[in-house]
Amino acid sequence: MASVEPVLPPMSERSNILRWARKNLFGSWYDAILTILGAWIAYWALSGLLTWVFTVAEWKVIVVNMRLLMIGQYPLEQAWRLWVWLALLVFLSGNSLAIWGRGSRYAIALLLLPVVLAFVFPFGDEPRKWLVILTVTGLAGWGIGRTSPEVLKRSVIAGWVISLPIIILLTRGLSESETGFLPDVRTNLWGGLLLTFLLTVVGIMFSFPIGVLLALGRRSELPIIRWFSVGYIELVRGVPLISILFMMSLMLPLFLPDGWTVDRVIRAMVAITLFSAAYLAENVRGGLQAIPKGQYEAAEALGLSGAQTMIFIILPQALRLIIPILVGQFIAVFKDTSLVAIVGLLDLLGMGKTVLAQPEFLGLQREVYVFISLIFWVLSYGMSYLSQQLEARLGVGIR
Amino acid sequence: MQRELKQTATIPFWRDERVLKILGQIIFALLVLFVGALIYQNMRTGLAKQGISLSYSFLGNISGFDLAETSIPYDRNSAYWQAFLAGLLNTLKVGVVGIIFATILGAILGIARLSTNFIINRLATFYLELFRNLSLLVFLIFWYLGVFLKLPRVKDAILWPGDIILTNRGVGIPWGIPTASFPTFRLILLLGLILAVIVFLAFRAYSQRTGRAPLTLLWSFLAFVLVALVGWFILPVKPLTLDLAFVKGLNLAGGKILTPEFMALTSGLVLYTAAFIGEVVRAGIQSVSKGQVEASRALGLNGFQTLRLIVFPQALRVIIPPLTSQYLNLVKNSSLAIAVGYPDVFYVSNTIQNQTGRAVEMISLVMLTYLLISLLTSVLMNWYNQRIKLVER
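Chains as they are written, first to last, in this note's numbering: chain A, 1 to 399; chain B, 400 to 792.
Just so you know, the hints here were simulated from the structure itself, not pulled from any lab data.
Source: prediction; values computed, not measured.
Accuracy of the hints is not assured; some may be wrong.
[To be verified] If you only want the chain B side, here are some residues facing chain A, beta carbon under 7 Å, derived:
{"id": "1", "residue": "Ala428"}
{"id": "2", "residue": "Asn441"}
{"id": "3", "residue": "Leu522"}
{"id": "4", "residue": "Asn532"}
{"id": "5", "residue": "Gly545"}
{"id": "6", "residue": "Lys731"}
{"id": "7", "residue": "Ser734"}
{"id": "8", "residue": "Gln754"}
{"id": "9", "residue": "Ala758"}
{"id": "10", "residue": "Ser773"}
All C-beta atoms, glycine included, are put in the ideal place defined by N, C-alpha and C.
So that you can see chain A by itself, here it is in the shape it has in the complex (with noise of 0.2 Å):
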């Protein structure tokens, strides 16, 4: 009988992390050689960074400007109706949160954070108000949201689609004069992140069903309407999207019939639309070419015509395998909404511009652009974040 070998020690905590740092930075000695630049430049790199964040910069530029950055020049008296949109937009991301989203503890976190924004950053009554009030109903929209998932799905998903809708009448008012409910605000007023916002929303809401009509289009056998498509695609996407946004603003006043005039946000969002529908079709066609041909076979059998063949058995499957290319694509609308600011639309960008005008201002360049791109990359960040969550949640890409 072979004799029973004595049971080893578990090993201490200590040489755990001795052997990690072996295996991972010192493997060998251009490994070591890499870790010791690597670690060189990322101290110095951030203390750089904090250095100038803490020591060096001037934020009071950000802090006196925070409203012009935010709304632009949107009358501060009419400003609470922004701020009841973006209420609803709060509860019904509880709604979603509690109903789609798994780990309760982050979207408590999540919908915190206004709270936690108001009272770190430097802002003025009347904001740090509206900010607690979004806590609320963003944890009301996340109460009521656990109670009954199930039943509230359908409703939630509706009131996503008509947010948009109520968000433009909101922004915009109902009546011409100054005294009626809801004036009008013209859109020369819609400044910084508002006008961003709106943009991109505008932008991805109308791009997606001509993306999605183009990809049909092209993967269409008639051929004329397969050359339109391919032809369309294919000259938006070979130029740049600065040139199309010149081309709205020059060249639409032209198109146009006399005494037809087009505001210049419109202009905008027209050319951010089809510039984005392009880019869009490609991506839905990817999805559309990965549906296989039985799919369509089985509809044909069951009788479907070829628009129910679409609408109910093809585009479903596809467009759930490409959301994640979709969000991305949105992504990059989002963060094309900035070159608006090269035709003068004075949006985040265009406000910071205007911002560095001012002569008290002057040269806190770097300032103004880092908390732009801030803005910019936390937004972008967190779309990327929230869908790698979808995704995993849906199961997409895992059979």
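Given the structure of chain A, go ahead and fit chain B onto it with the hints provided.
Frame of chain A, contents of chain B only:
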């Protein structure tokens, strides 16, 4: 009876699918043509009201403006088309330099992202996440106004090793100046190129005959370098003299002075595009299944051979199509030069259009130019893609 049945079996033409399809297409085509004609008509009347007719003949007129940097002889007495050409060359310059450096940086990032070294891996991840979520235009403006224009003035210039001078008036780098023997040297370089091609073809023929895989590209490159070196040393006068940049009064002189606009645009595009290329490279390498590596090691290939003969060719197939679209993105994004004041083709066209009021002509010209560049790049990359494609049964 027979006749009756035949009558009921014929479908009326308005429900015949074949007829409907053709009819639908004709209606669609007419609609597109009608809208197009309407737009054209509106444009004609609108232009006529402004007193201009659609024509490109103004391109021959004298421009009357200066450009900050040109690769061809150009001044304010040159014609508009020359200004446009100078802008186009500037775009191509940014495009080519940008693509080269973005590819190198992107490949490094993609490999670093897969490194087992914890710090390198995390640094690369951080870089990719940072740049992929930035808005390029905001970054470029920050990079130009917040970094390159905030460099010290010429008299307090920063000196970097390698005789690089950094100032807010531009970056000076050492540059070679051709001497009397340069034309001869150029001929020698051409000779080297021919030799390299011969070596390449010979090695390929050898490889196809024997099935071995020599380092074809490396040897061709070495052949070229050898010829160049021999040429460099046998010529009585060196073909190039090294010219260092230096501070002269309130300006930089000597060497090669890169303007802040060029530097900000090109380096900004490189940093941004490299993040996307890094992701493409990572995905490409990861797409090669582990079994391939294990099988090749089992066949006795060493690490380098595995990488060169097994992993790399397969990864390349996945990498090339998305890489092409990143290249195209870089070239198209170079039109953001207008935000940093670098005279690329878009900026120049905008200036011309402001001066002449010829919006339709200039915008159509610019769009056509970008379309041609895009088309050429994709034709080139598609040709390369065809060559490396997996040959299937």
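Violated hints - listed by number, lowest first: 8
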